[in-house]
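Asker: These protein sequence lines are chains A and B, in that order. Mapping of the first sequence onto full-length UniProt numbering: residues 1 to 415, in sequence order. Mapping of the second sequence onto full-length UniProt numbering: residues 1 to 383, in sequence order.
These are calculated hints, taken from the structure and not from any lab test. Check each hint, because a few of them may be wrong.
[Unchecked claim] Okay, derived cross-link-like pairs now, EDC-like style, lysine to aspartate or glutamate, Cα gap no bigger than 20 Å in a straight line:
hint: 1; chain 1: A; residue 1: Lys232; chain 2: B; residue 2: Glu278
hint: 2; chain 1: A; residue 1: Lys130; chain 2: B; residue 2: Glu278
hint: 3; chain 1: A; residue 1: Lys361; chain 2: B; residue 2: Glu31
[Said to hold, decoys possible] Simulated restraints, written as ranges between beta carbons of each label pair:
hint: 4; chain 1: B; residue 1: Ala111; chain 2: A; residue 2: Asn403; range: 51 to 59 Å
hint: 5; chain 1: B; residue 1: Gly223; chain 2: A; residue 2: Gln233; range: 44 to 52 Å
hint: 6; chain 1: B; residue 1: Leu14; chain 2: A; residue 2: Arg104; range: 25 to 33 Å
hint: 7; chain 1: A; residue 1: Ala388; chain 2: B; residue 2: Gly166; range: 28 to 36 Å
hint: 8; chain 1: A; residue 1: Ile215; chain 2: B; residue 2: Gly120; range: 45 to 53 Å
hint: 9; chain 1: B; residue 1: Asn334; chain 2: A; residue 2: Thr241; range: 42 to 50 Å
hint: 10; chain 1: B; residue 1: Ile150; chain 2: A; residue 2: Ala320; range: 35 to 43 Å
hint: 11; chain 1: A; residue 1: Thr359; chain 2: B; residue 2: Ala111; range: 53 to 61 Å
hint: 12; chain 1: B; residue 1: Gly166; chain 2: A; residue 2: Pro159; range: 48 to 56 Å
hint: 13; chain 1: A; residue 1: Phe327; chain 2: B; residue 2: Lys192; range: 50 to 58 Å
hint: 14; chain 1: B; residue 1: Thr331; chain 2: A; residue 2: Asn403; range: 34 to 42 Å
[Said to hold, decoys possible] Now the stretches of chain A that chain B is said to cover, found in silico as 3 or more residues with beta-carbon under 8 Å:
hint: 15; segment: 87 to 95
hint: 16; segment: 111 to 120
hint: 17; segment: 145 to 154
hint: 18; segment: 193 to 206
In this text, a Cβ means the ideal position worked out from N, Cα and C, and glycines have one as well.
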Amino acid sequence: MKKNHKAIAALGVVTLAMSIMGSPIAQSASVVTLTVSSDLPLQGGSADQSESTNNVIKLLLKQMGNKAGKYKIKFKIYDDSTAAKGSWDDAQCASNAQAHVANRTEMAVMGTYNSGCAKIIVPVLNQDPKGPMVMVSNANTNPGLTKAWNPGEPTKYYPTGFRNYFRVVTTDDFQGSAAAQFAKSQGVKSVYVLNDTQTYGQGVAQAFTTEANKIGLKVLSDGTAGEGWDAKQPNYEALFTKIKATNPDMVYIGGIFDLNGGQLVKDKVKVLGDNKTVKLMAPDGFTGYPDFLALPEADGAYLSFTGLSIDLFPKNGKAAQFQKDYFKEYGKAPTSSFSVYGGAAMQAILDAISRSNGTRKDVFQKMKSVNIPAAKSVVGTAIKFDDAGDTVYHDITILVVKNNTETTLKKISVK
Amino acid sequence: MARSSQRKWVTGYLIAVAAIFIIYQFLFPWEGLPIGIYDFLQLWLPPTAVNESLVYVICALGLNIVVGYAGLLDLGYVAFWAIGGYCAGWFMSEFFYQINLHFFGSVARTAPGIHVNFWGVLLIGGLVCAFFGILIGGPTLRLKSDYLAIVTLGFGEIIPQVFFNGDDIAGFNLSNGTKGITILDPIPVGAKNIGPFDFGYKFIIFVLLAALMVFISLRLRKGKLGRAWLAIREDELAASMMGVPLMQTKLSAYAVGAFAGGLGGVAFATHVDGVYAERFNFSISIFLLAMVVLGGMGNVWGVIIGALLLSWINSTGLPAFGTTFNDKFGTSINFPSFTFLLFGLVLILMMLYKREGLIPESRLRLILHEGDAEEDLTSKESK
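Can you make the complete structure from the sequences, with help from the hints?
Answerer: Written out as structure tokens, the structure reads:
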């Protein structure tokens, strides 16, 4: 028995050694290969969206011949979720942050999907001794990452003082105010605000409440972000019976559909009547969910989205062509507009790399001057950033649910 | 037998620790390291995975005292991890920005918030958890097996919920809700602070904490308290008849176990540089329990192996295997999504063929194999 163990151990060592020898030791000197990566949750509820985002990036790179300027580009996929948790995992984010820095050829990161994860990764990339290393997000909408929001934000995420974080979608504060402005334009006089008690939901609901108060809508709910709904409740009839007594024109639900949003919407219609009698509005946490659209109670609900929905992309030019190419390559359309924004984020990164000298420091310097014209962008709007790293366009799309599909109503640009 | 075999284990671990420290402190950051070896290490054994698994070791050792030694099934151990984590969040960050309190902290004196030295926070976290351990122990004293498990399960659900919803307790922000507390003070070592890329030093600190737990476990096991725990585990009624004070003994098991959870919580918070309420869910309790059961309930070395193995598979092993496999065969299979299938299978197989765990405790082995025809029990016992 003992001998057997030793033999197995010896075999293990040999295989290990062989696998090391097998790896390419050096690369050809003429063309330098640089790595770009994505950092997204590949397990749990966001998995489909993340896969679609990675597909967008793969197609984009394929179309560019896997090249940016004089550099050859390799794409690496990181997963910031674990199966044990079924969603993004803080330990995995911390570990990925280290891996990005440790990967010597890696220049920049496209991600993350969740703002919470970005708050772990950004400070580490920021302190990279060869950096700072750039991260561009396609989906983080939490304002605190780039502007004063909670105490200490955003400076605590940038210990070295360099602002190495960028994003191509706009933030929840703009989304909330656009929603409030839209509500007013629809003749709404009074509104009851709910939130899902999470970072994102509270942020949007708070922005909505603030703007509503400013433009003279009557906010019937208490608190700065309205009333929280508990995702673990089996039904919300009591909640809406209480709301009914205040007689609102509209209910705004700031949050994510995953958190029992289906039941919430059903009970809203049951108690307060359909979405014509008492209007219903939700942020982008409710967009892109087939289960939500399938509900008969969702009919007539308004939704908002940070950025442009795919319907609002220009009907010709690069953006439209890219949609066709994607369909041809994968046999279906991208899961949501967030995925295409992943392509836009990658375009920004590749543009900076192509003009750089192939070091992280220089890629960071060049990020500030990224300016991709609308005609070349996969989302059909120009890609450029302000000093805080946010996109300069504050476009919010308003959609309405009609016949179980999201129909684009209009675009609101917040100043 | 015990002395010499333990010395062997200790030497083995010391060699492993030294090797890993040298690799990650000197070899890994060295630019001259061949890219093949570098990528291999980065893929299969990144330094963060090593440090993360040590946190699991610390917690699993604590759970081992409660479950493995005293035989009290605890399904809510994650609560202690959470409390430890939030102690780090409260006492070494700018979270309570209204206050400006410094106690040998590692940041500038002008920074707002409570800034206690890392080592002090470890002690606070451990003691607060020990207190909560006694608190949970109190009402469970008269309960046995299943009922006890249910109460601990409840405790493990309540505490994370308190943190989850604790951003507005009558106007007071206790936990910042789901936003969590981010950016903690760095760990000071002498005059220097440990930066985000000093894996080696963090590794040594985590190893020291794990070693402390090993020492506590082994010494207590040998002493009066440890023998009382074993007696309770095997037959509570008989133990109380022989004069073992049930209340004291059980409470101390909870307290010591929870203390380890506090240490692990603080260590983990510094590892990810923040605390998030979402992390502390039921599956983590089960994951820790699986480590203890798989490794060998009651055997310190077995539990360490179990914790290292399972946490490595979860964080690195399966994803790395998936990447290699997909690269080689051009497939795109999501291997990490099979984690629980694998864990479930392993546990079933273990229960069928090796119930006592990878490295069994000698006493447990005797009990589980009582009556096996081919085994000569008397000779085993004397060994």
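Asker: Confirm or reject each hint.
Answerer: Hints, one by one, checked against the model:
1. Lys232(A) to Glu278(B): Answer holds: Lys232(A) to Glu278(B) is near 14 Å, not above 20 Å.
2. Lys130(A) to Glu278(B): violated (33 Å)
3. Lys361(A) to Glu31(B): holds (18 Å)
4. Ala111(B) to Asn403(A): 51 to 59 Å: With Cβ atoms ~56 Å apart, the hint holds.
5. Gly223(B) to Gln233(A): 44 to 52 Å: For Gln233(A) against Gly223(B), whose Cβ atoms are near 50 Å apart, the range 44 to 52 Å holds.
6. Leu14(B) to Arg104(A): 25 to 33 Å: Holds, since Leu14(B) and Arg104(A) (Cβ atoms, about 32 Å apart) stay within the stated range.
7. Ala388(A) to Gly166(B): 28 to 36 Å: holds (30 Å)
8. Ile215(A) to Gly120(B): 45 to 53 Å: About 50 Å separates the Cβ atoms of Ile215(A) and Gly120(B), which means 45 to 53 Å holds.
9. Asn334(B) to Thr241(A): 42 to 50 Å: holds (44 Å)
10. Ile150(B) to Ala320(A): 35 to 43 Å: 59 Å Cβ-Cβ, so the 35 to 43 Å window is violated.
11. Thr359(A) to Ala111(B): 53 to 61 Å: Given range 53 to 61 Å: violated, Cβ gap about 32 Å.
12. Gly166(B) to Pro159(A): 48 to 56 Å: This hint is violated: roughly 27 Å between Cβ atoms.
13. Phe327(A) to Lys192(B): 50 to 58 Å: holds (56 Å)
14. Thr331(B) to Asn403(A): 34 to 42 Å: holds (39 Å)
15. 87 to 95: Coverage by chain B holds here, the residue count being 8 at a Cβ distance below 8 Å.
16. 111 to 120: The restraint on the segment 111 to 120 of chain A holds, since 3 of its residues have a Cβ under 8 Å from chain B and three suffice.
17. 145 to 154: holds (count 3)
18. 193 to 206: Check passed, 4 qualifying residues.
In the structure shown, a violation is registered for the earlier hints numbered 2, 10, 11 and 12, in ascending order.
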